[in-house]
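**Student:** Once you know that position 28 of the sequence shown is 27 in numbering that gives the first Met the number 0, the rest is easy, because the numbers rise by one and skip nothing.
Everything labelled a hint here was simulated from the structure, so no lab data went into it. Do not rely on the hints blindly, as some may be mistaken.
Said to hold, decoys possible - EDC-like cross-link-like pairs, simulated, lysine to aspartate or glutamate; straight-line CA separation at most 16 Å:
1) K40 to D110
2) K49 to E96
3) K69 to D134
4) K79 to D147
5) K76 to E96
6) K94 to E57
7) K111 to D38
8) K79 to D154
9) K40 to E96
10) K79 to E135
11) K111 to E60
12) K76 to D149
13) K75 to D147
14) K40 to D91
15) K117 to D37
16) K94 to D154
17) K151 to D110
18) K69 to E121
19) K49 to D134
20) K75 to D149
21) K76 to D91
22) K76 to D147
23) K117 to E135
24) K49 to E120
25) K76 to D134
26) K94 to D38
27) K94 to E60
Quick caveat, the model's predicted, so the values are computed rather than measured.
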Amino acid sequence: MKKLIFLFALSIFLYSCGGGDKKSSTSKPKAPAAAPVDDGKGFGIITEVKLNNPLDQEMVERGRLIYDMKCASCHKKSAKRVVGPGWAGLTDRRKPEWIMNMITNVETMLDKDPTAQKLLEECLTRMPNQNVSVDEARDILEFIYQNDADQKAKDAG
Numbered sequence: 000m001k002k003l004i005f006l007f008a009l010s011i012f013l014y015s016c017g018g019g020d021k022k023s024s025t026s027k028p029k030a031p032a033a034a035p036v037d038d039g040k041g042f043g044i045i046t047e048v049k050l051n052n053p054l055d056q057e058m059v060e061r062g063r064l065i066y067d068m069k070c071a072s073c074h075k076k077s078a079k080r081v082v083g084p085g086w087a088g089l090t091d092r093r094k095p096e097w098i099m100n101m102i103t104n105v106e107t108m109l110d111k112d113p114t115a116q117k118l119l120e121e122c123l124t125r126m127p128n129q130n131v132s133v134d135e136a137r138d139i140l141e142f143i144y145q146n147d148a149d150q151k152a153k154d155a156g
């Protein structure tokens, strides 16, 4: 008789603990999370960039120094690809916000941004995080705009 009571109590206990994964029929299914909208600006804290016209030559020079130290081993100023893509024409292909987000927030960009993911597929090497500040990235961006102007002048003759 004790075994029968024990089995009955055990079965009630197991029954009351089971079914936790089942959802109530009155609960509404959650809407799937909306995919992030690709506005061409990438993913990161940079949402708007005010461009200088004319270019700030002090920023260009600081950007050139940072490029020489942190970028030149993988990116050439020409269209030639080394490890990463060349920079010639970059400002025609990408928004300034995208460029700065790629420089300052490379991990998230490679994880979420479709354009960055395509570049990773082409280059087969993840861009390393160089711990570039937003101000340094802005200087690099100014240098990239100067580089594009120089490349266009060179191509024109």
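**Student:** All the hints need checking, so say for each whether the structure fits it.
**Tutor:** Hints, verified against the model:
1. For the given pair, K40 sits about 15 Å from D110 by alpha-carbon distance, which is consistent with the 16 Å threshold.
2. Proximity of K49 to E96 is assessed by CA-CA distance (about 10 Å); at most 16 Å being required, the pair is judged to hold.
3. At most 16 Å may separate the alpha-carbon atoms for a hinted pair to count; K69 and D134 meet this at roughly 15 Å.
4. Among the hinted pairs, K79 with D147 is consistent with the structure: their alpha-carbon atoms are about 14 Å apart, no more than 16 Å.
5. Distance restraint check for K76 and E96: the Cα-Cα separation of roughly 19 Å exceeds the 16 Å cut-off, and the hinted pair is therefore not satisfied.
6. Restraint check for K94 and E57: the C-alpha separation of about 22 Å exceeds 16 Å, so the hint is violated.
7. With a CA separation close to 13 Å, the supplied pair K111 and D38 stays within the 16 Å bound.
8. At most 16 Å may separate the alpha-carbon atoms for a hinted pair to count; K79 and D154 meet this at roughly 14 Å.
9. For the hint linking K40 to E96, the alpha-carbon distance of about 5 Å falls within 16 Å, and the restraint holds.
10. Between the alpha carbons of K79 and E135 the distance comes to roughly 24 Å, so the proposed pair goes past 16 Å and is violated.
11. For a cut-off of 16 Å, the pair hint linking K111 to E60 is broken: about 32 Å separates their Cα positions.
12. The suggested pairing of K76 with D149 holds, with an alpha-carbon distance near 10 Å, which does not exceed 16 Å.
13. At most 16 Å may separate the alpha-carbon atoms for a hinted pair to count; K75 and D147 meet this at roughly 12 Å.
14. Distance restraint check for K40 and D91: the Cα-Cα separation of roughly 13 Å lies within the 16 Å cut-off, and the hinted pair is therefore satisfied.
15. Pair hint K117 plus D37 holds up; C-alpha atoms about 14 Å apart against a cutoff of 16 Å.
16. Taking the CA atoms of K94 and D154, the gap is near 22 Å; set against the 16 Å cutoff, the hint is violated.
17. Simply put, K151 and D110 have alpha-carbon atoms about 33 Å apart, too far for the 16 Å limit, and the pair is violated.
18. As the CA atoms of K69 and E121 are separated by approximately 21 Å, the hinted pair breaks the 16 Å bound.
19. At most 16 Å may separate the alpha-carbon atoms for a hinted pair to count; K49 and D134 meet this at roughly 13 Å.
20. At roughly 13 Å between alpha-carbon atoms, K75 and D149 fall within 16 Å of each other, so this suggested pair holds.
21. Annotation: proposed proximity of K76 to D91 holds, straight-line Cα distance about 14 Å (limit 16 Å).
22. Of the supplied pair hints, the one linking K76 and D147 holds, its CA atoms being roughly 8 Å apart against a limit of 16 Å.
23. Restraint check for K117 and E135: not satisfied, since their Cα atoms lie roughly 25 Å apart, outside the 16 Å limit.
24. Of the pairs offered as hints, the one joining K49 and E120 is violated, with about 31 Å between alpha carbons and a cut-off of 16 Å exceeded.
25. With a C-alpha separation of about 21 Å, the suggested pairing of K76 with D134 is violated against the 16 Å cut-off.
26. For the proposed pair K94 and D38, the alpha carbon gap of about 9 Å is at most 16 Å, so the pair holds.
27. Of the supplied pair hints, the one linking K94 and E60 is violated, its CA atoms being roughly 21 Å apart against a limit of 16 Å.
Violated hints for the displayed structure, listed by number in ascending order: 5, 6, 10, 11, 16, 17, 18, 23, 24, 25 and 27.
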